[in-house]
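Model the full structure from these sequences, guided by the hints.
Protein chains: 2
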Amino acid sequence: MSKKEISSAVIKRLPRYYRYLGELLEDGIERISSNELSEKMRVTASQIRQDLNNFGGFGQQGYGYNVRYLYDEIAKILGMDKKHNMIIIGAGNLGLAIAKYSNFGKRGFIIKALFDKDESLVGKEVGDITVHSMSELSEFIKNNDIEIAALTIPKGDATRIADEVVTYGIRAIWNFAHTDLRLPEHVTVENVHLSDSLMQLSYNIKWQEKE
Amino acid sequence: MSKKEISSAVIKRLPRYYRYLGELLEDGIERISSNELSEKMRVTASQIRQDLNNFGGFGQQGYGYNVRYLYDEIAKILGMDKKHNMIIIGAGNLGLAIAKYSNFGKRGFIIKALFDKDESLVGKEVGDITVHSMSELSEFIKNNDIEIAALTIPKGDATRIADEVVTYGIRAIWNFAHTDLRLPEHVTVENVHLSDSLMQLSYNIKWQEKE
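Taken in sequence, the protein lines are chains C and Z.
Each residue of the first sequence is one higher than the one before, starting from 1 at the first, in the working numbering.
Each residue of the second sequence is one higher than the one before, starting from 1 at the first, in the working numbering.
One or more hints might be untrue.
Each pair may be met inside one copy or between any two copies, as identical chains are not told apart.
Here are the simulated DSSO-like pairs of lysine-lysine, each with C-alpha atoms no more than 30 Å apart in a straight line [what the hints assert, rightly or not]:
| no. | residue 1 | residue 2 |
| --- | --- | --- |
| 1 | Lys40 | Lys117 |
| 2 | Lys40 | Lys124 |
| 3 | Lys112 | Lys206 |
| 4 | Lys155 | Lys206 |
| 5 | Lys117 | Lys106 |
| 6 | Lys40 | Lys112 |
For the record, the hints were derived by calculation from the structure and aren't laboratory data.
Here the structure is a predicted model, which is why all the values come from computation and not from measurement.
See below:
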C-alpha cells in the first residue's frame, strides 16, 4: 500500500475513522455496515465506502465491515503500528499537562523526556519522565532515537529551538508555539494554534448572533 | 459587513492574518506591501490581495496596506473587538494549563472560573481563578454572561456535560475531549483533538521515510 494511492483528503479523515473504529472495538463490535457507521460519524455512507475501499476493507452485503481489520489497516497507514519516541521542550504548564497525559503512550507516542531552559527545573520528575537541561538536547535526541519534538515554549524561542533540534535529527515538530515554523522539506510540522481556534469560536459566536 | 460577503475559506485564514498583522504591529511596522506580506506568510501576493480586499483594506500603489487598519478590521470580523467570558470544565493538568495561559486574556477571552467534579479541588485558586463545584455550573453561567465552555475532561463525561451546559445558555464549546459532540445548530464547537494531530505527524513520518 503506497501513499500515492490515497488522496490527502482521505488521509485527513483517517484519524477520525481510527477513533470511531477504536470505540467500536472497545464496545466489542466486530462488524458494522456503512449505513450504521455513517449514522455514527455523520458522514454519508457513500463517502465511507469510497474512503474505506482505499484499505481493501470492502464491506460485504449482509456482513458489513470487519472493524478490527479496518482498524488495523488504518493503523498501518497512519504509522501507528510502530512506536514513536518523543520529547517535550518546555516544562511549563502545557508541557507538563502533555507529559502527564497517559493516552499518548497508549497510542504508541512514548514521551522520553522533558527539556527546559530553567535549570531550576532540571531533574524534576513528572511521573516517570525527567526534566533535562537544554544542553543535553543533542545527545539525548541522538541516543534515544527521538523522532518527534513537542514545542511548548513561547513563540520567541520556538524558531531557534526548532532549527536546532532539526540539526540533531528530529523528523517531526508538534508545535504549540503561537507562530509558524519554517523548516526543511523533510521535517513535518503539525501546529496546534490554540488562539487561532479560539478566534474561530469567537467568529462563529459573533455571526450566529447576527443571523 | 456581513459574513455572507466573505467565503468560509477566507474566514479560516483570518486568524493567521490576524496573527501576522499583530506581529507587524509589535515590530512597529505601519504599512506593508502584499509582496512583503506574501514573503512573510508564504502565501501568494494575489491571494493576499483577494483575501484582504474583503475588508476594504485596499493596498495602494507605493503605499501598501495599513497594518493597523487591517488588523482592526479583521479583529471586528473575528469578534475580537469584544470580550468573551469563558469557563473551563475539568481542573486536571490540561485545564489548569489553559487557565494559567495569560495570552487568552490578552486577546479578550476572559476565564472566569474552573469547574471540577472532584469536590476536593473546589475552592482551589489558580492565579485569580477559583475551582468551583459542578453543582454551581448553571447559576454561574447565567450570572456571569459565560459564552464559551472549554471541556478538558475525559471523553466519557464530555457528551453529557456539553448537553448540560448548552441548556444553561453556553453558545460555544472548546472541546479538548477525544470525542465528537452532537449539539444544536446554534451552538458552535471547536475541537482540539491532540491525538488526531499526533496521528497526522505519525503518518507524515512514515511516508517521508518511504519516499
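Here's how the hints hold up against the structure:
With identical chains, the CA atoms of Lys40 and Lys117 are at most 30 Å apart between copies only, with a shortest distance of 28 Å across copies and 46 Å within one. Proximity of Lys40 to Lys124 under the C-alpha cut-off of 30 Å is found in neither arrangement, the shortest distances being 44 Å within a copy and 39 Å between copies. Only between protomers do Lys112 and Lys206 lie at most 30 Å apart by alpha-carbon distance; the minimum there is 20 Å, versus 43 Å within a single protomer. Both within a single protomer and between protomers do Lys155 and Lys206 lie at most 30 Å apart by alpha-carbon distance, with minima of 28 Å and 28 Å respectively.
Proximity of Lys117 to Lys106 under the C-alpha cut-off of 30 Å is found in both arrangements, the shortest distances being 28 Å within a copy and 25 Å between copies. Neither within a single protomer nor between protomers do Lys40 and Lys112 lie at most 30 Å apart by alpha-carbon distance, with minima of 36 Å and 34 Å respectively.
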